[in-house]
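Required output: the full structure, derived from the provided sequences and hints.
Under mature numbering (1 follows the signal peptide of the UniProt record, and there is no 0), residues -27 to -1, 1 to 281 are what the sequence shown spells out, in order.
If you're looking for bench data, these hints aren't it; they were derived computationally from the structure.
We treat Cβ as the ideally placed atom computed from N, Cα and C, and that holds for glycine.
Label pairs and their calculated CB-CB ranges:
no. : residue 1 : residue 2 : range
1   : ASN172    : PHE271    : 18 to 24 Å
2   : ILE184    : GLU148    : 25 to 31 Å
3   : ASN223    : ASN11     : 41 to 47 Å
4   : LYS268    : GLY236    : 20 to 26 Å
5   : PRO93     : ASP49     : 31 to 37 Å
6   : GLY212    : ASN134    : 27 to 33 Å
7   : TYR267    : ASP113    : 42 to 48 Å
8   : ILE262    : PRO90     : 42 to 48 Å
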Amino acid sequence: MAAASLARLLPPLLSLLLLLLAGAARGKTVKRDVKALNEIKASLGWRVVYSWVGDDPCGHGDLPPWSGVTCTQQGDYRVVTELEVYAVSIVGPFPTAVTNLLDLKKLDLHNNKLTGPIPPQIGRLRHLKILNLRWNKLQDVLPPEIGDLKKLTHLYLSFNNFKGEIPVELANLPELRYLYLHENRFTGRIPPELGTLKNLRHLDVGGNHLIGTLRDVFSIENGFPSLRNLYVNNNQLAGVVPDQIANLTNLEILHLSNNRLIGSISPKLVQIPRLTYLYLDNNNFIGRIPEGLYKHPFLKELYVCFRI
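Here it is in structure tokens:
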């Protein structure tokens, strides 16, 4: 009788055991991500580490996920898809172990004290959409492998010490919408190939040591079709403001201040329908302000001065 009762109980017990085992498997974090995050943990300062409890960054049992770590279920395992550790005074080189988080969609390490270059392994993060490294002390040239991040939509690298030329490989990022490179030490010319980025809305390369002409920047026909904000101020750009500027029909902010621009102010600026803020001061312009700018229906601010 007892044997018969046990036999009846075995199937449901076995099913329950299998469910528990399946649940445990689904709850596991990919070993690659666990290893990478623990390497990062070992390299970070106490302000971050004190809140990273346990060995599993995605949490386990009663332990929650590590602060700033977001995980997503993929099949039977969890993977790290977001890492946000900002404004906590991280000191030291860029943590190369980050580039082993192959499912990462967002990486935000802004407002720390990271130094050294961005490693070329950054190109491994093929799912990355947002990369925010502004307000650090990063330096050296940008690796061309950054052009392998085909899903990138937001790139924030401002307020660092990057040098060298702006890599033309940035033009290989078809989804890029926001590109912030201001307040660095970039030299050379602004790659005209950036004009092929059909989704680019915001381009800020102000506060560098860039040379060349605006005519070169706009040399690609029908370039920058979605651009709304263009900041090239505080560089060493020369030449005139070309008539091609009128082709930027979605432009709202144009910041050309503190360059070496010459000639008269192009009346073609009047033809930019949504132009709202126009900064032309501290250049070498001559002549007068085009009459149409006074009557522009959207223009709210105009800064300009002329060479006497």
